[in-house]
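Undergrad: Go ahead and model the full structure; you've got the sequences and the hints to work with.
Each protein sequence line maps, in turn, to chains A and B.
Here the first sequence stands for residues 1199 to 1445, numbered as in my numbering.
Here the second sequence stands for residues 414 to 766, numbered as in my numbering.
Calculated directly from the structure, the hints in this document are not laboratory data.
Mixed in with the good hints, there may be bad ones.
Claimed, not checked - Using C-beta positions, here's what the derived DEER-type ranges look like: (1) B/Glu650 / A/Gly1374: 23 to 29 angstroms; (2) A/Pro1443 / B/Glu650: 35 to 41 angstroms; (3) B/Pro556 / A/His1400: 33 to 39 angstroms; (4) A/Gly1215 / B/Pro556: 42 to 48 angstroms; (5) A/Phe1359 / B/Ile631: 26 to 32 angstroms; (6) A/Arg1337 / B/Phe558: 29 to 35 angstroms; (7) A/Glu1254 / B/Met478: 56 to 62 angstroms; (8) A/Asn1238 / B/Gly563: 38 to 44 angstroms; (9) A/Asn1238 / B/Ala452: 44 to 50 angstroms; (10) B/Ile631 / A/Gln1391: 36 to 42 angstroms; (11) B/Glu650 / A/Cys1424: 30 to 36 angstroms; (12) A/His1319 / B/Gly525: 56 to 62 angstroms.
Model, not experiment: these values are computed from the prediction.
The C-beta atom is built at its ideal place from N, Cα and C for all residues, glycine as well.
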Amino acid sequence: MRTPLIEMRNIHKQFGGVVALDDVSVTLHRGEVVGLLGHNGAGKSTLIKILSGAYEADGGEILVDGAPVTIRSPRDARANGIETIYQTLALADNLDAVANVFLGREIVTSLGRLNDAAMEHATSDVLAKLKVVDLKSVRAPVSSLSGGQRQSIAIARAIHFQAQILIMDEPCAALGPQETAMVANVIQELKRQGLGIFLISHDLHDVFALADRLTVMKGGRVVGDCHTADVTQDDVLAMIITGRPPA
Amino acid sequence: MTDLSSPKAPADHLSAQELADHKARVMNDKKKDLIQKFAALASLLLLIVVFSATSDAFFSVSNGMTIGLQVTSIAYLGIAATCVIITGGIDLSVGSVLALSGVVAALAVKAGVPIPLGMLAGILVGGFCGFLNGVCVTQLKLPPFIATLGMMLVARGVALQITGARAVSGLGEAFGELGNGALFRVVRIGSDGFPDVIFPGIPYPVIIMVVLALGVSIMLSRTTLGRHIYAVGSNTEAARLSGVNVNRVTLFTYVLSGTCAGLTGCVLMSRLVTAQPNEGVMYELDAIASAVIGGTSLIGGVGSISGTVIGAFVIGILRNGLNMNGVSAFTQQIIIGLVILLTVWIDQLRNRR
Ligand SMILES: Nc1ncnc2c1ncn2[C@@H]1O[C@H](COP(=O)(O)OP(=O)(O)O)[C@@H](O)[C@H]1O
Ligand SMILES: [Mg+2]
Chain A
1199 MRTPLIEMRN IHKQFGGVVA LDDVSVTLHR GEVVGLLGHN GAGKSTLIKI
1249 LSGAYEADGG EILVDGAPVT IRSPRDARAN GIETIYQTLA LADNLDAVAN
1299 VFLGREIVTS LGRLNDAAME HATSDVLAKL KVVDLKSVRA PVSSLSGGQR
1349 QSIAIARAIH FQAQILIMDE PCAALGPQET AMVANVIQEL KRQGLGIFLI
1399 SHDLHDVFAL ADRLTVMKGG RVVGDCHTAD VTQDDVLAMI ITGRPPA
Chain B
414 MTDLSSPKAP ADHLSAQELA DHKARVMNDK KKDLIQKFAA LASLLLLIVV
464 FSATSDAFFS VSNGMTIGLQ VTSIAYLGIA ATCVIITGGI DLSVGSVLAL
514 SGVVAALAVK AGVPIPLGML AGILVGGFCG FLNGVCVTQL KLPPFIATLG
564 MMLVARGVAL QITGARAVSG LGEAFGELGN GALFRVVRIG SDGFPDVIFP
614 GIPYPVIIMV VLALGVSIML SRTTLGRHIY AVGSNTEAAR LSGVNVNRVT
664 LFTYVLSGTC AGLTGCVLMS RLVTAQPNEG VMYELDAIAS AVIGGTSLIG
714 GVGSISGTVI GAFVIGILRN GLNMNGVSAF TQQIIIGLVI LLTVWIDQLR
764 NRR
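TA: See below:
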């Protein structure tokens, strides 16, 4: 069998008395989109936050390309090629698109000053590739942008830094139908380029259209893992609700 | 680099209404920021005009000099306060910390330490107080308001304790050089045997203010640290997830604030050539007010040094002009209090976007 791009083994996470993740194992391969499904509180966000370095697991291990890695911070995750697009659009509102794309990884001149010209150029470039038009200015505060444009900036950030693994937690929750279609296109394209993508979404229709494999969670455990082609939406819905694989 | 082909560009599908809304939003933000700066500058000019009309002595070189010197201490504190407030914090301890720093410098000099070293010790004590504030905020997770309120009492208490609540005087003329000296001052001994000041020079405190303002302004707008300061105040969680070391950035602003308070203490005590443990009471409010008048948002994420310097002049001129017009200290307090309330209210309005 191929070595998975990402393997999370026996992950355990507890918040005080609440067990958010109980012995959870998931895998993700190159060029694969895995849909993470489950009700609110199933543990999806917690699982991917551990992968993206926002939380630390209490137990279990993470392997990238078969090699165990330690992810204690978002920096560690990024160093392993893991980029995250958050459910709540995680941008600094008062900063512009350029500053947001490069936040935490600014380009500086040899004198240590911000090289805004280079960053602006790179931002315009990657946004053009994402076909984000109508962005009045990459130097306007992102608070003045639409939800789709803001999400594009988050995606642009991941693409510019050549992510291998992309985590998208409800990337379309705050978007209209046209903007959702745009994000779907981006996902298809990134998959074609060999990225592995974890996609969390409540919209079964979207997930079926995009995901190759589905991992269903309930109460902090994985209750099902199947290829999208082998199941119907009803099967999956039943799995989400009952927590049992389809008969 | 990737080549993404999206057949549908989002803009094609934005309705005219959406586009119009969007444009209005962008326009509004820009307009509001401009109006804020303009309003601060306009009120500054208005104050100058009004005070010039009501007091003969107001618009003169010597009073200009006095104002310049008064403004410097507000500006030092305001510049640092701007950084703290941009991160979404607040530092209420600077008035007390400056007193502690000043008396430490004076006591050190009295004990025989050379003046520059003594003052350096004072500034370091200020920086250390700021460091403690930062630790309370970032490690103990205390609200900045509470942490620095505690420091306000502690630093004042220590200043009173180590001086026995008495002023430290007899520091020697050289101690006054920093606060009273000037660069390029030209003095000639006149025919009557008394010195004539031909050119008053540029007072050291003013030079320090210019250097500090330029330095911090460049730090905020041109360096990674500065960008991270805005990011932390704008969206702490986003900054953290982007790999910004939020605690270190926050800690830095408090250390800067404490250090600037230390500097202010040394300059102020040098000007009086006496160290007063009771100096600087309520200066934190002037500092915060100057930042807010200059457009710094108490919510964080927004602010500029140029605005704060304008704000410092507004406060300084207001105080000086009221003095020149013989307005009593009590009435002055009332007026300044109302100005602070007004500016914070304007800040609230600005953030109701
Ligand atoms: N920061 C937190 N502190 C305490 N409990 C949390 C925290 N984050 C998540 N939980 C709990 O962990 C469980 C899983 O939540 P989450 O991962 O957000 O689920 P999902 O994303 O699938 O809706 C829930 O019971 C939730 O209340
Ligand atoms: Mg969630």
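Undergrad: So which of those numbered hints doesn't the model satisfy?
TA: 4
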